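Colleague: Protein chains in written order, with our numbering: chain A, 1 to 147; chain B, 1001 to 1147; chain C, 2001 to 2077; chain D, 3001 to 3077.
Calculated directly from the structure, the hints in this document are not laboratory data.
Just so we're clear, the structure is a prediction, and the values are computed from it rather than from any experiment.
Just so it is clear, CB atoms sit at the ideal spot from N, CA and C, and this is done for glycine as well.
Cβ-Cβ distance ranges computed for the label pairs, FRET-style:
id, chain 1, residue 1, chain 2, residue 2, range
1, A, Lys7, B, Arg1109, 20 to 30 Å
2, D, Asp3047, A, Glu71, 15 to 25 Å
3, D, Gln3060, B, Glu1074, 53 to 63 Å
4, D, His3065, A, Ile6, 12 to 22 Å
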Amino acid sequence: MSEKKIKNVFVRGAISPAFIGESIAKHQSKTEIGAHAIFAGQVRADVIEGKTVSAIEYTAYEEMANAKFHEIREATFSSYDITCMHIYHSLGSVASGEICLFVFVSSPRRKIVFKALEFVVEEIKAKVPVFGKELFEDQSHQWKVNS
Amino acid sequence: MSEKKIKNVFVRGAISPAFIGESIAKHQSKTEIGAHAIFAGQVRADVIEGKTVSAIEYTAYEEMANAKFHEIREATFSSYDITCMHIYHSLGSVASGEICLFVFVSSPRRKIVFKALEFVVEEIKAKVPVFGKELFEDQSHQWKVNS
Amino acid sequence: MKLNIKYFGLLAEITQCSEETLSFSKETVADLLAELFQKYPDLQSKDFQVAHQQEIVAKQTKITHPEIALLPPFSGG
Amino acid sequence: MKLNIKYFGLLAEITQCSEETLSFSKETVADLLAELFQKYPDLQSKDFQVAHQQEIVAKQTKITHPEIALLPPFSGG
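This is chain A alone, in the form it adopts within the complex (with noise of 0.2 Å):
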């Protein structure tokens, strides 16, 4: 693990749409930046033997996964050549329709971003130690399987 500090990745209940157009603003003064190419992942209200998920209620082992995120962010800017590179994920309790998941890549150049957008959220959902569990409208709930 390098000795650069950790960040925490992890912020209370939803992202909102908003703080991601406010990201891709900050971004405006980095005029090297050409290419831009983010993910959001949204809860879907899936339906389960006739139950509707209202909410994902995320818990995380906080400190491996800060860890593990730090690690992919690494392997991300060693393989490939980008300028700048965020995430965030929700703790606590994103309702179907509401964003838990942002991952937002910058380069130079547009053909990068694709595959390194594509890499740190596989590696994310791979390695990342997140627990959502599926709250369903009567109260009912199941823990939630990445496929």
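Mind docking chains B, C and D on chain A? Use the hints.
Modeller: Chains B, C and D only, in chain A's frame:
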């Protein structure tokens, strides 16, 4: 070409980050969506023979360009299981640091959105008759060629 | 046949117009280009494609529609 | 050795606690799991990984650090 109405993809001047945020917000009622992927093309302040690009002025063969955007849209919907897709491209002057292209695809599942996003952007670069004139700070210019 | 010819980008700088109407009595895109190269010699050295009725066509294509455009390399996005 | 064991998601529902301290006198992760399956028989049928000092480890790993976590399948994003 399909019978569906051909939309106008072009907007005057830069695309604002706030508009991108608002576009995301409009999708929060579509609770079958699980993944959004966004591409934003930003004008780079490239330095060419000692002169810095201050803006790009975009012109287009608009009727043909909108027909091509429409064909790309139809091809994307028939190749990828996406819920919705939006494309906006600037015409006229866009300063360095500002956004000139905004592509937005959404799907129930994440793996599709990465592929669909890259497909749309590469198709636009290859097939849509849009022309960028790079304006330098000394009022001279050169015609941009995509790499 | 009357053709409406559009020029874009660098090409419009050479022709000094973005659009013109021309009488055309021959057959193919190549025939038209020969005429345009006479009128605008500087076009000859430039890289461009020809659109006929909003589709990119080959030089041997017969012109059947009045809408022709000369398109320099695309640089959208 | 005193171990601090954390449980997440479905596993914390089974153990009815998110964290506990346990005295451990054996060697490997497998040894620890044998003890935990005695204490919480329902854990045995569940799919999970073990993290030792915040890294996923194999069952034969020797425990050298007190920070252990039982992690059900990840479902971030």
